[in-house]
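**Student:** As a plain string of letters, each chain reads:
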Amino acid sequence: MPNKMQYGGNHKLIGKDYTTLDLHAKVTGQAKYAEDYRAEGMLFCKLALSPVPHGRVRKIDATEALAMPGVKGILTAEDLPAPADSIDDNGRVIRANTRGFRGLTNEPLFQGEPILAVAAVDELTAAEAIEKIHIDIEPLPFAIDPIETLRPGSPNPRTEGNIWYRPKGQPGQPPPQLDVRPLKWTQADFDAAKDGALPMGEVPEDSGVVWSYGDVDAGFKNAALILDETFVTPDTSHQCLETRSAMAYWQNGKVHIHTGTQSMIQTVPAVARWLNIPPENVVVVSEYTGGGFGSKITADISLIIPALLSKKCNAPVMMRITREEEHFIGRARPSMIGRVKVGFGKDGRILALDMFTVCDTGPYDAVGDAASSGRIVSLIFQPQAMRFKGLTVMTNTPPRSAQSAPGGMQGIVFMEPVLAKAARKLNIDQVAIRRINAPEGKAPLGPEVRGKRAYATSAFIKEALERGAEEFNWKEKIARPKRSGTKVRGVGVALGCYVGGSIGFDGLLLIKPDGHICFQSGIGNLGTESVIDVHRVAAEMLGVPWEKCDVCWGTNAKNVPWSCPSGGSQTTHAMTRAAYAVAEEAKKRLCEIAAKKLGGSPENYEVANERVFHKGGGAGLTLAQAAQEAVKMGGIYDGHEVNPDVNKFTKQSVAALAGQGFVASARDKYAHDGQTHSYVASFAEVEVDLETGKYYLTDFLAYADVGTVLHPKALGGQVLGRSTLGIGHAITQKWIMDPEYGAMLSRRFHHSKPPTILDVPQNMQWAALDIPDPETPVGSRGIGEPPVGGGCAAVLNALSDAVGDEVFRRAPVYADTILTSLEAGRPMQQPLTAHI
Amino acid sequence: MSEKPAGDVKNPKDAIKAVSRRRFIQGVIAGGAGVSAATYLFRASTPSSAASTGDRLITINVNGQDRRVDVMKQETLAMTLRYKLGLTGTKIGCDRAECGACTVLIDGVPRYSCSTLTHTVRNAKVLTVEGLASADGKLHPVQQGIIEEQGFQCAFCMSGFIMATVAFLEKNPNPTRTELAHGISGNLCRCQDYDKILTAMMRGAEIMREQKHA
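Top line first, the protein sequences correspond to chains A and B. Every letter in the first sequence is one number past the one before it in the working numbering, and letter 623, counting from 1, is 623. Every letter in the second sequence is one number past the one before it in the working numbering, and letter 10, counting from 1, is 10.
By construction, these hints were calculated from the structure, which means they are not laboratory data. Note that this is a predicted model, so its numbers are computed, not measured. It is possible that some hints are incorrect.
For lysine to aspartate or glutamate, the following EDC-like pairs were computed, each having C-alpha atoms within a straight-line distance of at most 16 Å [said to hold, decoys possible]:
| hint | chain 1 | residue 1 | chain 2 | residue 2 |
| --- | --- | --- | --- | --- |
| 1 | A | K32 | B | E130 |
| 2 | A | K632 | A | D514 |
| 3 | A | K16 | B | E148 |
Chain B is nowhere near these chain A residues, computed Cβ spacing over 10 Å in every case [claimed, not checked]:
| hint | residue |
| --- | --- |
| 4 | N97 |
| 5 | E242 |
| 6 | G290 |
| 7 | N647 |
| 8 | F749 |
| 9 | P755 |
Using C-beta positions, here's what the derived DEER-type ranges look like [stated by the list, open to error]:
| hint | chain 1 | residue 1 | chain 2 | residue 2 | range |
| --- | --- | --- | --- | --- | --- |
| 10 | B | R122 | A | E740 | 54 to 60 Å |
| 11 | A | Q251 | B | G108 | 42 to 48 Å |
| 12 | B | L117 | A | E740 | 35 to 41 Å |
| 13 | B | K171 | A | A39 | 22 to 28 Å |
| 14 | B | K73 | A | G41 | 32 to 38 Å |
| 15 | A | A815 | B | H119 | 40 to 46 Å |
Just so you know, even glycine gets a beta-carbon here, dropped at the ideal spot from N, CA and C.
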């Protein structure tokens with residue numbers, strides 16, 4: 001539903017709705033996504049995928065295939081460049097992981113892993129060639145269940161083991177490469193866990209995450225109620241509607257890659273790392289991206305294979321990824337198993353929390369979900385004392401990656417049902433128990449390190465919870481009779497939280513001699529509109545009407561600045577700061593130009609209404625005149641000199657823009673006390689049919705605490721869109737695998753169905769507090785992640801309100817679970833087993 | 001569809017049909033064959049492959065124009081539109097009639113072009129998102145509604161949603177939000193921006209009614 005609130009206060013652009021500059025091309029079908037590009041002589045490429053979850057390629061015979069007319073080349077693991085160490089912005093060496101996901105392999109570690117790729121004049125020919133290639137694979141032992149790999153004597157997913165660990169480093173040397181070894185728990189660990197509880201075996205400190213704060217044992221001693229529950233969250237493929245297709249060609253030693261990526265400029269060094277070439281030789285084109293949700297943050301194998309094949313065949317290569325291939329290589333949120341023992345005071349306050357999680361990362365690099373689950377839980381529920389252990393285990397299943405609120409969503413889903421149960425047992429209102437545990441202001445988070453804990457920049461979530469409850473008619477809803485015939489209603493509330501922004505990136509703008517302003521944007525265009533929205537901050541500060549502004553985005557060939565990766569809800573926070581910085585820099589330099597031209601000191605000038613003029617009236621220049629003067633003056637004013645603060649990518653772009661008008665660049669160096677997080681209070685109502693087990697979501701509201709609202713309609717899309725992403729985890733989405741053969745059965749949308757327009761209420765509600773965060777100049781924080789955990793948990797809590805606490809122990813909740821559990825009087829889901 | 005249990009095979013010919021999924025996968029693994037997708041393939045119009053494609057020159061009417069095009073027997077309309085006629089506004093999200101990103105109108109009826117063979121539309125009128133705005137660039141009311149309400153996020157699903165909505169509103173000019181949601185429920189938005197999409201499409205319906213009355 002359209003939001004009724006007015007945002008933006010006295011601002012002209014900040015907090016106001018407008019039409020984004022990319023929308024006309026989208027509605028007319030002119031917007032070009034990766035697969036919409038063509039190049040003369042373009043070849044098509046197909047992949048040969050592993051049929052086994054773990055095996056060794058003994059021999060590849062491609063003679064017959066390569067002899068076919070129209071087949072132009074083959075790429076195998078031998079053709080991949082060796083993974084190279086890289087150096088970050090601060091000069092630190094980042095050790096390459098030689099055992100990470102590389103794209104093609106001779107030891108496939110999951111079913112569907114690409115072994116080789118063939119380029120041909122068309123796809124049918126490439127596919128026929130793939131059929132004619134004889135791949136001799138020796139099957140090896142495999143493991144698809146993370147808990148089973150921890151049993152004594154169980155097979156390992158990799159020949160070396162099932163966990164990553166970091167060997168001890170030498171002082172003064174870069175940290176050593178990660179290594180793999182086996183970890184097995186004892187039979188006694190498994191025997192000690194009863195009734196489907198997660199066994200709590202060893203979590204080695206060089207592999208897992210182990211921390212604590214406060215006196216946990218004392219907390220449990222003082223508790224009026226102790227609950228100890230295990231919950232399982234599903235694996236969910238990102239299922240971007242645009243599969244990760246890409247087209248690449250080489251020209252003058254540079255690789256040009258057309259792809260869909262969440263982050264524009266950040267993809268350039270990432271491609272360079274994968275291909276082991278200098279970033280100067282990489283051109284990435286990504287004007288529109290058909291969804292990401294964490295699976296397209298920068299470069300991945302889908303860009304690298306066509307790039308390498310193109311070089312080998314000396315022709316452009318398009319690799320279109322099918323929906324089934326997307327389910328193999330398109331990444332997924334990892335399933336996590338969480339056991340939380342929570343001690344509550346009589347008033348519902350969490351006095352002690354013992355949290356133990358196991359995360360299934362697939363066969364390659366470890367995702368960070370386990371670590372962030374503990375950190376987010378410690379912030380959003382503020383336990384007085386907490387012990388956390390998180391273990392990440394490898395399996396022969398498709399590789400995972402971050403998905404909106406990675407780990408935070410799972411942590412919230414472990415905690416929220418327990419909070420709901422405690423409120424019922426202690427006879428406390430569900431809103432009240434969340435209010436008493438919610439963070440406020442600079443709330444502490446994470447472990448105690450040398451006597452200190454980190455803290456958030458701000459939190460106003462208690463206010464969002466109260467206002468949300470009012471808007472949702474919480475009191476009226478809980479007072480209504482629940483049962484009506486075979487139908488029973490339930491309401492649920494949940495808190496969502498995740499990190500909401502990074503710092504330290506660059507802004508870059510050009511004022512042309514005609515007075516028009518062009519904001520250079522290195523942000524990816526993944527649909528959130530932050531690629532355009534953040535620049536309205538600078539336009540407002542410079543007093544330029546939006547009609548005279550343009551935003552240049554979509555490729556590093558257009559000279560864009562160093563911007564944050566668009567992942568983890570960083571962009572709105574990081575890039576409004578960068579926009580603020582470049583606007584301040586531009587103002588300062590424009591005043592200098594005016595003082596030089598018209599006399600006096602720069603401090604006597606100000607910038608407003610498209611002019612730079614003497615304070616209190618008098619002489620001035622239009623921005624057009626100032627831009628003309630900048631070109632005459634040169635140096636720092638037209639980009640011939642560059643602000644030394646900015647990143648090397650920004651410096652290159654400034655140099656390329658030099659002389660075109662007034663050029664300003666700046667890095668965000670504003671103070672920032674605390675870690676930026678955003679929050680949401682989510683409310684859901686469900687109606688369950690006790691005869692069929694089928695349930696519907698009948699009402700939903702998300703009330704967000706995201707700092708200053710930048711673009712209300714785009715924010716609403718994020719709040720409700722990501723809420724619904726979370727709801728999918730509660731109602732329908734999961735992986736199913738064949739345990740005997742390690743085969744993935746969830747290969748298409750309908751095997752792990754994302755919510756459709758009929759799965760959500762036709763009048764979903766959202767609102768935002770619009771209270772600025774005190775630790776950032778504009779006050780805006782990011783919002784992509786927090787609604788996911790809130791959306792999922794609110795629906796789960798509404799379900800348990802309707803049908804009781806002893807019905808489900810894992811998500812998603814299907815109708816058959818509700819029916820069979822109600823009939824049996826206990827949860828009828830098999831606990832712990834993965835991928836069922 | 002009736003399925004015989006694997007142990008109940010009298011006629012040897014039925015044995016093939018009765019192979020269980022597991023035995024099938026076992027067979028695949030033993031044979032060492034790759035998991036390759038047999039669909040979603042595009043054949044160049046001048047193949048140098050030895051295999052004959054059986055291309056046939058046909059005429060189809062797309063966005064009001066007769067277009068002459070070589071198509072294979074098994075070629076889908078989505079592939080013809082995107083790869084032979086340059087109309088890339090129609091997207092392929094699943095290639096198997098699950099997501100609706102490829103929806104176009106065939107004689108005014110919304111159809112998944114990924115699951116429609118091109119040779120079956122020879123005598124029909126095909127409308128894609130590129131043909132919706134008028135010649136002078138004036139947007140269709142449904143497109144205008146999206147502009148006004150900032151509908152959709154990544155927009156990969158957008159052209160399919162637009163075409164489904166246009167067809168639905170032609171027959172149901174004054175729907176409720178729920179009716180419209182049912183009308184366009186064959187389309188999937190993975191950004192899950194359904195609420196804003198519905199608002200934008202309802203605005204489009206309103207503009208359509210205003211223009212009819214004017």
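**Student:** None of the hints should be skipped; say for each whether it holds.
**Tutor:** Now for the hints, and whether the structure bears them out:
Among the hinted pairs, K32 of chain A with E130 of chain B is consistent with the structure: their alpha-carbon atoms are about 13 Å apart, no more than 16 Å. This hinted pair checks out: K632 of chain A and D514 of chain A have alpha carbons roughly 15 Å apart, not beyond 16 Å. Restraint check for K16 of chain A and E148 of chain B: satisfied, since their Cα atoms lie roughly 13 Å apart, inside the 16 Å limit. In this structure N97 of chain A is separated from chain B by more than 10 Å, as the shortest Cβ-Cβ distance comes to about 26 Å.
Against chain B, the non-interface label of E242 of chain A is violated: not every CB pair exceeds 10 Å, the least being about 5 Å. For G290 of chain A, the requirement that its beta carbon stay farther than 10 Å from each beta carbon of chain B is not met, with the minimum near 3 Å. The beta carbon of N647 of chain A sits about 27 Å from the closest Cβ of chain B, which is more than 10 Å, so the claim that it is off the interface holds. At roughly 4 Å, the least C-beta separation between F749 of chain A and chain B is not larger than 10 Å, which violates its mark as non-interface.
With a least CB separation of 6 Å from chain B, P755 of chain A falls inside the 10 Å interface cut-off, contrary to its annotation. One distance hint, 54 to 60 Å for the beta-carbon pair R122 of chain B and E740 of chain A, is violated here, with the actual separation near 48 Å. In this structure the hint that Q251 of chain A and G108 of chain B lie 42 to 48 Å apart at CB holds, the actual value being about 45 Å. Distance hint check: the CB atoms of L117 of chain B and E740 of chain A are about 38 Å apart, consistent with the given range 35 to 41 Å.
One distance hint, 22 to 28 Å for the beta-carbon pair K171 of chain B and A39 of chain A, is violated here, with the actual separation near 42 Å. The hinted window of 32 to 38 Å between K73 of chain B and G41 of chain A is violated, with their beta carbons roughly 27 Å apart. The beta-carbon spacing between A815 of chain A and H119 of chain B, approximately 42 Å, falls within the hinted interval of 40 to 46 Å.
Of the numbered hints stated above, those contradicted by the structure are hints 5, 6, 8, 9, 10, 13 and 14, listed in ascending order.
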